[in-house]
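S.K.: Okay, here's what each chain looks like letter by letter:
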Amino acid sequence: MAEYLIKNGFVFDPVLGINGDKTDIAIKDGKIVESTALSSATVIDAAGKTVMAGGVDVHAHVAGPKVNAGRNFRPEDKLFTYESGKGVRRMAGGFSVPTTFKTGYSYARMGYTTVMEAAMPPLYARHTHEEMRDTPIIDEGAYPVFGNNWFVLEYLKNNEVENTAAYISWLLRTTKGYAVKIVNPGGTEAWGWGLNCNSVHDPVPYFDITPAQIMKGLMEANEYLKLPHSIHIHTNNLGNPGNYETTLDTFKLFEGEKPKDEFGRQQVMHHTHVQFHSYGGDNWGNMESKADTIMDYVNAHDNLTIDIGQVTLDETTTMTADGPFEHHLTELNHLKWTNRDVELETCAGIVPYVYSPNIKVCGIQWAIGLELALLAKDHMRVHLTTDHPNAGPFTRYPRVMKWLMSQKAREAQLDAMKWGDKVRGQSLISGIDRELSLYEIAMMTRAGTAKCLGLAHMYGSLKPGLEGDVAVYDYNPETADDPEQIERAFGNAAYLFKAGEMVVKDGEILSNGRKRTLWVDVKVKENPQVMRDVTEKFLKYYTVTQANYEVHEEGYIRNPYRIEVDATQ
Amino acid sequence: METVTLTPRAQPELYIDAENVTPDAFAGKSAAEIEAIHVHEGNQTQMLGDYFTVSGKGGATAAETRIVINGDVVRVKYLGMRMTAGEIEIKGSADMYVGAWMEGGKIHVTGSVDAFAGTGMKGGDLIIDGNAGNYLGAAYRGDWRGMQSGTIRVKGNAGSDIGTFMNGGTIIIEGDVDVHVGTHAEGGTIIVKGNGKSKIGGQMVKGDIYVFGTIDVMMPGYIYRKDVDLEVDGTKATFAHYEGDMGERHGKRKGQVIYGNIYQKY
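Just so you know, the protein sequences line up as chains A and B, in that order.
Just so we're aligned, residue 0 is where the first sequence starts under numbering that gives the first Met the number 0, counting upward by one.
Just so we're aligned, residue 0 is where the second sequence starts under numbering that gives the first Met the number 0, counting upward by one.
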């Protein structure tokens, strides 16, 4: 395979502690190597450019039934956005719900190489994997949703953590999933009764269990299994004024808990898109930022990680397994809405949404996401996301970086808002003069996310032995003075190497890469009870047979990458 | 004002997408440069000069550019798409999407147009001497933002699904219309001087529809309120005023609920 030597770039690698030093990076046989290991390398001149490991996205909705329904549901999202195929590049289009091809190309152009699909309904795992298979370049994994699953609710109601763990093991293997996702625990199930769980102590109808018990129980099962990633939580009461208290209640459930994995992660829970969970006030008029209270807690407790869920002020398509929230949203904006119940497992809803800079609440939401990142003490634990496409498309990451790295850019955006002064009054953004460095951005987008996912042995750094995923951006940290340069450079990578292959050069796609699908195969002690329960539920309730449920590696997955864990000890 | 004349030489074998035939694209260009502008026929990219003889030149700006199309162009789509200023005169009939998403200026068609004329229109004037097809002044598929502003006048008849999701502006049809008028409208005015069929104002939240002739089937969601004397597009008459669609959500202004209105002339 080709060898590359990336010379003289400004390297940012928080794992190795390299902060903008000019260091050469060598790639051979798909991996990062010492430059002495090269024999006949192609030299890439990265002088005046920024070099980082390939980006790792911890949370985005990029494949699966609700993403695809979103594509069908919004023909107007694709109007005027199609690009015809050229060279190896296939025809691709869409803005907030791009096609699979555009998803792969756009991430690659931003220098990202690994992306996690954040909610996979187990019943539709086959569909999810088919879409991931068709998404070029990027390595992907998918989190099956567990927070409203009948097996989990029934086992945890009786405190059966070992049975829950055996079920998780079976489901991860059957659906080729990566981690335990929890969306509005109990609330999505309650939605089947037209109800919701607005606090972590609201009982789930019929099951007689609370969201707190579900989250705590799944955390215990997750640590029992020693999974690479922690539980991945979207807690109750998303998007409502005053909900920061629910968020803190959720955080506090895990106080004193320690991770038991062997993958180097330090958190027992990841809380996703925290921007949507940091609202003060009790109505839309007095809704205000509580990012400071949230970050005080996060900064003081090192056993949890978060991602920000930054609002990008675009027209987008919200889609979530939080069914009651989507109903709430369509009542608010009267735009089209679709909703689906997924048998024993979960549900999902979709509503288009316009985050207008002329709406005060949207401005405050925009401010909160940035505040979370700017108030963070440890950016290894605070990640950059837009909860794509919920708070905005992932293609805006470079714009979010611009806002995080430049107070001037933030003030310009505030000035462009119709209610800029009110947004300033009900948020903290104007009082924060911090500007993040590229080193901190590398933590938020690579080093930290890879560690949080338990993938620090593969991604997130340029340490020899890791995957040959390297992004080179045309950005000179010594001379750059215009914030717009950040957005331009980080949206159009000068080079991207994926598993040692050059896939992007000057923003143009050269190769569809050899994308992999990551999944976790965790071995547990035989558990006849759980296997009997599974068989019984399929006979009694599921519309498909058990034989038509499993995702087989062959046929559904291109280049499966199995991560093995032994939890039998 | 400078005039560019396009004379069709041969009808294309397939339909062509001519979204660059606008005063905005022609401004500042010579006849030779205009001939080199791209159009699409099927999956092939061709030049405008392959189908039209071009004479004259573009003005300095879109507003100072007038385009005359000398004859029928029934296999040409998207004429005047997204234009912001200037004028287009089509001396004949055109295919779909004439003046779609136009923002300003004026388009005059002496013949008829096919479907989707004035889709998502944001401003300007679209005048059609003949008939218009379906989805006149409607929203693009899936969108909730139909015609926002501007005026469409059709001297003949129009098809179905006129003004779907209309938010503003005026559509005047001097002849008859087919089913579905102003569906989901949240503003704007539709005047039908001929006869209407069924599904007029279905799911309308706000806006005004005037019908001078007959309505085959009135939507059940409309309630007769009173007779009113009005002047509508130059005609003074007495109209029966109906409010609806009662099945929809309705906002309030100064304590009063806002409904959609249908006025039918006696």
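Keep in mind that the hints were calculated from the coordinates and are not lab data.
Hints are not guaranteed to be accurate.
Unchecked claim - Computed cross-link-like contacts, DSBU-like style, restricted to lysine-lysine with a CA-CA straight-line distance of at most 30 Å:
(1) B/K196 / A/K417
(2) B/K205 / A/K335
(3) A/K257 / A/K77
(4) B/K196 / A/K335
(5) B/K196 / A/K77
(6) A/K536 / A/K156
(7) A/K335 / B/K28
All of these numbers come straight from a predicted model, not from anything done at the bench.
S.K.: For each hint, tell me whether it holds in the structure or not.
M.R.: A quick look at each hint next to the structure:
1. B/K196 / A/K417: Answer violated: B/K196 to A/K417 is near 44 Å, above 30 Å.
2. B/K205 / A/K335: 18 Å, holds
3. A/K257 / A/K77: 46 Å, violated
4. B/K196 / A/K335: 27 Å, holds
5. B/K196 / A/K77: 34 Å, violated
6. A/K536 / A/K156: Measuring from Cα to Cα gives roughly 17 Å; hence the hint holds.
7. A/K335 / B/K28: Not satisfied, since the Cα-Cα distance of roughly 43 Å exceeds 30 Å.
Violation of the numbered hints given earlier is confined to hints 1, 3, 5, 7; the remaining hints are satisfied by the structure.
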